[in-house]
Amino acid sequence: MPRFTVAGQHFAGQLASGALIIACLALFPLVASSYQLSTLIISMVFLLPALGLNLILGYAGMLSLAQMGFFGVGGYTSALLAMHFGTPFWLNFSAACLVPALLAIPLAIPALRLRHTSFVMCTIAFVFILESVSKNWVGLTRGDMGLSSVPRPRIGLWSGGFIVHTTVQYYYLGLLLCVLAVAALVTIVRSPAGRYMIAIREDEVLAASIGGRTWHYRLAAFVLSAAFAGAGGSYYVHYVTVISPSVFDPTYTNTVLVVVLGGGVGTIMGPILGGVVFIALSEVLRIAPELRMVVYGLILTTSVFLFPKGIVEPLTAVLRGAIPSRARGSHGR
Amino acid sequence: MKTTGRRIFLMLSAVCGVSLAGGLPSAARAASGDIKVGVIGPMTGANAPYGSLAWRGASLAAKEINAAGGVLGHKIKLVRGDSQCTPVEGVLALQRMISSDHIKFVLGDICSSATLAYEPIVENAKVLLLNAASSDPTITYKAGVGGYKWTFRNYPTDEQRAGIVLKYASEKMHIHKVAILSVDNDYGRGAIALSKHFFHRYGITAVSEDYFQASTTEFLPELNKIKNSGAQAILMYGYAASSRLVARQMLESGLAGKIALIGNGDFTNPQTIAAAPSVLNGAVEAAAWSPDYNSARSKTFVHDYEAAYRGEVPQVHAFTHWETINLLAAAIRKAGSVDPAAVRRALAGITFDGATGVVKFDSHDQADLPMILYQVENGKPVIKGVFRTAVAYPKP
Amino acid sequence: MLQNLLTDGLVIGSVYALVSVGMTVILGVLGQINFAHGEYYMAGAFAAWWAIDRLGLSYIESIPLAILIVAVLSLVIGYVVMQRLVDVSFDAGIIATLGISLLLQNGATLLFGGTYQVFDGGWLAPMRVLGEDIAQQRILIVLVTLAVFGALEWLVRKSSFGKQMRAVAQNVECCHVLGLDVRRVVLITFILGTTLAALSGVMTAPITMNIYGAMGEAITLKSFAVIVMGGMGSIGGTLLAGWVLGIMESLVAAYVGLQFRDAVAFTLLVLVLMWRPSGFFNTKARY
Chain A
1 MPRFTVAGQH FAGQLASGAL IIACLALFPL VASSYQLSTL IISMVFLLPA
51 LGLNLILGYA GMLSLAQMGF FGVGGYTSAL LAMHFGTPFW LNFSAACLVP
101 ALLAIPLAIP ALRLRHTSFV MCTIAFVFIL ESVSKNWVGL TRGDMGLSSV
151 PRPRIGLWSG GFIVHTTVQY YYLGLLLCVL AVAALVTIVR SPAGRYMIAI
201 REDEVLAASI GGRTWHYRLA AFVLSAAFAG AGGSYYVHYV TVISPSVFDP
251 TYTNTVLVVV LGGGVGTIMG PILGGVVFIA LSEVLRIAPE LRMVVYGLIL
301 TTSVFLFPKG IVEPLTAVLR GAIPSRARGS HGR
Chain B
1 MKTTGRRIFL MLSAVCGVSL AGGLPSAARA ASGDIKVGVI GPMTGANAPY
51 GSLAWRGASL AAKEINAAGG VLGHKIKLVR GDSQCTPVEG VLALQRMISS
101 DHIKFVLGDI CSSATLAYEP IVENAKVLLL NAASSDPTIT YKAGVGGYKW
151 TFRNYPTDEQ RAGIVLKYAS EKMHIHKVAI LSVDNDYGRG AIALSKHFFH
201 RYGITAVSED YFQASTTEFL PELNKIKNSG AQAILMYGYA ASSRLVARQM
251 LESGLAGKIA LIGNGDFTNP QTIAAAPSVL NGAVEAAAWS PDYNSARSKT
301 FVHDYEAAYR GEVPQVHAFT HWETINLLAA AIRKAGSVDP AAVRRALAGI
351 TFDGATGVVK FDSHDQADLP MILYQVENGK PVIKGVFRTA VAYPKP
Chain C
1 MLQNLLTDGL VIGSVYALVS VGMTVILGVL GQINFAHGEY YMAGAFAAWW
51 AIDRLGLSYI ESIPLAILIV AVLSLVIGYV VMQRLVDVSF DAGIIATLGI
101 SLLLQNGATL LFGGTYQVFD GGWLAPMRVL GEDIAQQRIL IVLVTLAVFG
151 ALEWLVRKSS FGKQMRAVAQ NVECCHVLGL DVRRVVLITF ILGTTLAALS
201 GVMTAPITMN IYGAMGEAIT LKSFAVIVMG GMGSIGGTLL AGWVLGIMES
251 LVAAYVGLQF RDAVAFTLLV LVLMWRPSGF FNTKARY
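Protein chains in written order, with this note's numbering: chain A, 1 to 333; chain B, 1 to 396; chain C, 1 to 287.
Each hint should be verified, as a subset may be incorrect.
Said to hold, decoys possible - Derived pair list, reagent style SDA-like, types lysine to any residue, alpha-carbon separation capped at 25 Å:
hint, chain 1, residue 1, chain 2, residue 2
1, B, Lys172, B, Lys126
2, B, Lys258, C, Leu110
3, B, Lys258, C, Leu6
4, B, Lys63, A, Leu291
5, B, Lys77, C, Leu110
6, B, Lys142, B, Val359
7, B, Lys227, C, Leu2
8, B, Lys126, A, Arg152
9, B, Lys75, B, Lys380
10, B, Lys227, C, Trp123
11, B, Lys258, B, Gly379
12, B, Lys142, A, Leu175
13, B, Lys380, C, Gln117
14, B, Lys258, C, Leu2
These aren't lab readings, by the way, just hints derived from the structure by calculation.
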């Protein structure tokens, strides 16, 4: 079982260590170059949808590849609001969480009837359908010409306020959003609803037999994961200041998959570590530009056999010896 | 407190990872006197062929310049960056060049969305960005007097081209019905949007409008539809790879000699013509350059490129990147220094004797390039006119 | 015109079916989605191009050579990676095959340079069939596909290896108990599946012309739609789903717009799943 569902005392210790990590990360810009900060910013961009995938896969047991579709929708929502109405960041951000979440409800109707491979494929399908919409709804999205000069995040209640501009400022904004998102995820999985999701993951028939409506909880997981993805889209679009249908490219989906599955699904630290390690790794490999993606592919494949449950396990095991292993629902077959 | 210790360890390992990422400069380590020039483009992924062309063109130019003694006594050292045509990867590649490799001159990107994301970054870092392949007009609307002082584009926009092609088609070929078939990206969609402004003036109507992906391999359904639509020409903005396929499948559909290809898409490249000579006969293209272009520098380039890359005929992206490295070298020579601010000023006022004519930058740091109107006759491109690509900027 | 569209859809659908059936047999036996499947399609096309361009062979000679090269490649990958995926979770299988996809895609770019290579071969002269001109190569693709599907049906239903495949697909633990060499079945099935993708790549290359590292990506994605529509594991279902997709794409491309072509596969997939969550053919007992 995941660790945070254990004793309350344990949880207090985790809060303390969490605070320490945040403090260290907050001091990081004092020593880091802008390139290192940008790398962490991109890690945080992918961490937000990864947390959503972690929720739906790690806790509700459904592998949804629709995350980057919702990420794109969130990005477009945030960009369009800021460009047409000059709204402050908090409003764009909230809308970027809300719109994908609402969109997830009708999409859940065909998707949640499915299991295993069919569910995975159905969620991949959503990304491509959204890509096609963004390419062809030229009046709204400018199609492939994309939206550029997306305003930078304006931190203010309504008008005026402070405009996030430098890499360091973006870093702190991202850190704040990620801390909030991780806190939200912890709250969700510690709530009774979160425990019920875990029960569904472990045994859906059994979960249904103790009197819950599994469909409602699976819907909730799907909708919440979309909101996390949308949050990532909002932060992304105000950082790179452009968005085009290329945001729905499979490369992005693959990155999120690697972050969550390579990091360690069903744990809080897994995707956080995965986000930092795998994105830093892909950057380290830039020292050999010709071989970079070949080596990256090799490392991905090897990591599956070295760390079948993600890199979070060996890293934690180093210090704690044997830790309680988490059980996970298996798919396929 | 075991937990805390573990967390600290995890965090430290993460920080180590990132430090490592930033700490190591590229393996392409340059000697201290070298001028390092970054080339960013899609080196992997679906658009890798274009990144590869850009890299080949730029590498050839650097090799030639270095063989001739370099620039102001410095050798040019290219550093490769992979953007996969996405802003995320591209921004990281660019940040790495700026902050770890201390690069002051960058060529890139191919894809407009990546280039647009670079503009504010090079502006902050005071690094010179030269673009040689993106066609989104907003790139230069925002550059020069538009705000970004460090972005230059040495690649034609489609504003003039769209009109020139349609004028020729209407007046010389008496074409009044076209079928639109263009690549589904900013370049294809943008060029068609600009073309539509001229439809009324030249009495042209579009009978159909279709956009293909760079990965599309099947055009027969479209061509069948076009065959029965009464279209006299296919208005196409695309690249060599798709042009070959469209031409070949037009041959299959029996459209050869009945419907002409007009627009831009390496129609004048010998490899495209060889794919379906009877289809390409009569094709009209307005291009910045063609391998057949008759100037000493262009001929030498084609010859050297073929010798360097197993007889591969260079395409337009290879040429523009080759030319832009030469342009940068000329600007450094003119500035008499490798200081990026001096080079930027030199570039803004340069009169560069390019392979296709004189290159100058306008107030938006957009190159005012000569463009050539070709028509393919008997398997050979024939020049039908030369025009400039000056841009009429929208009033702010 | 409609006849043209249907013929063209059938040809393209045959290509989809030929690639997808390889993926579906691998999925059946191994229980893993092969995210690198299109890369074997690419490898087949690349190997044939290499044989023609660099070794100076003819197209007909390049076909068996290309298939042999891909078979050796997949023997290595199957032995080192795919066999071991029997024991790992579905999610881990995705990461492993994604890694292989990156490796093969960029390996090809590294070996041959990233630019488009032009495939020169095949029989492109038109032939008159039912009053319409069609390239001989396209007819050949349909014929080869029909032959392959016939042979596969026989293999799975009648041969003793087919029985082993079905046994592994239905219950791995049971096969272990019975002393069946599961890893051998997985390896052979994997080689079979990837060489079918390679065959498809070689057969289509004269029509698609442009050979480059990432050419398999789009094919992998379309195969996903085809195998799910076909009922995952059903051979006849895969052929039907391939043809339906090919024809629908042609119709949409002509009547709606080419820009919607790539959305057809996944829209169709969602619609089919809404109507029949298990695809055209329900294959509870695979094969």
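(message) Run the distance test for Lys258(B) versus Gly379(B): straight-line Cα separation, threshold 25 Å.
(response) Given that 25 Å is the threshold and the Cα spacing comes to 16 Å, the pair holds.
(request) Compare the distance between the alpha carbons of Lys258(B) and Leu6(C) with 25 Å, and conclude whether the hinted pair is satisfied. (result) 24 Å, holds
(message) So if I understand the rule, the pair passes when the alpha-carbon distance is 25 Å or less; does Lys77(B) with Leu110(C) pass?
(response) This hinted pair holds, its Cα atoms lying about 21 Å apart.
(request) Below or equal to 25 Å on CA atoms is what counts here, so check Lys142(B) against Leu175(A). (result) 30 Å, violated
(request) Given the hint that Lys172(B) pairs with Lys126(B), test it: the Cα-Cα distance must not exceed 25 Å. (result) 48 Å, violated
(request) Given the hint that Lys142(B) pairs with Val359(B), test it: the Cα-Cα distance must not exceed 25 Å. (result) 20 Å, holds
(message) Given the hinted pair Lys75(B) and Lys380(B), is their Cα-Cα distance within 25 Å?
(response) 39 Å, violated
(message) Check the hint pairing Lys227(B) with Trp123(C) against an upper bound of 25 Å on the C-alpha distance.
(response) Since the Cα atoms of Lys227(B) and Trp123(C) sit roughly 24 Å apart, the hinted pair holds (cutoff 25 Å).
(message) Lys126(B) and Arg152(A) were given as a pair; does the straight-line alpha-carbon distance stay at or below 25 Å?
(response) 20 Å, holds
(message) Hinted pair, alpha-carbon criterion (25 Å max): Lys258(B), Leu110(C). Please report holds or violated.
(response) The given pair, whose Cα atoms are some 42 Å apart, is violated under the 25 Å limit.
(message) With the threshold set at 25 Å, check whether the alpha-carbon distance from Lys227(B) to Leu2(C) stays at or below it.
(response) Answer holds: Lys227(B) to Leu2(C) is near 13 Å, not above 25 Å.
(request) Measure nothing beyond the straight line between the CA atoms of Lys258(B) and Leu2(C); if it is 25 Å or shorter, mark the hint as holding. (result) Holds. Lys258(B) to Leu2(C) sits at ~21 Å (cutoff 25 Å).
Figure legend: structure checked against the earlier numbered hints; hints not met, in rising order: 1, 2, 9 and 12.
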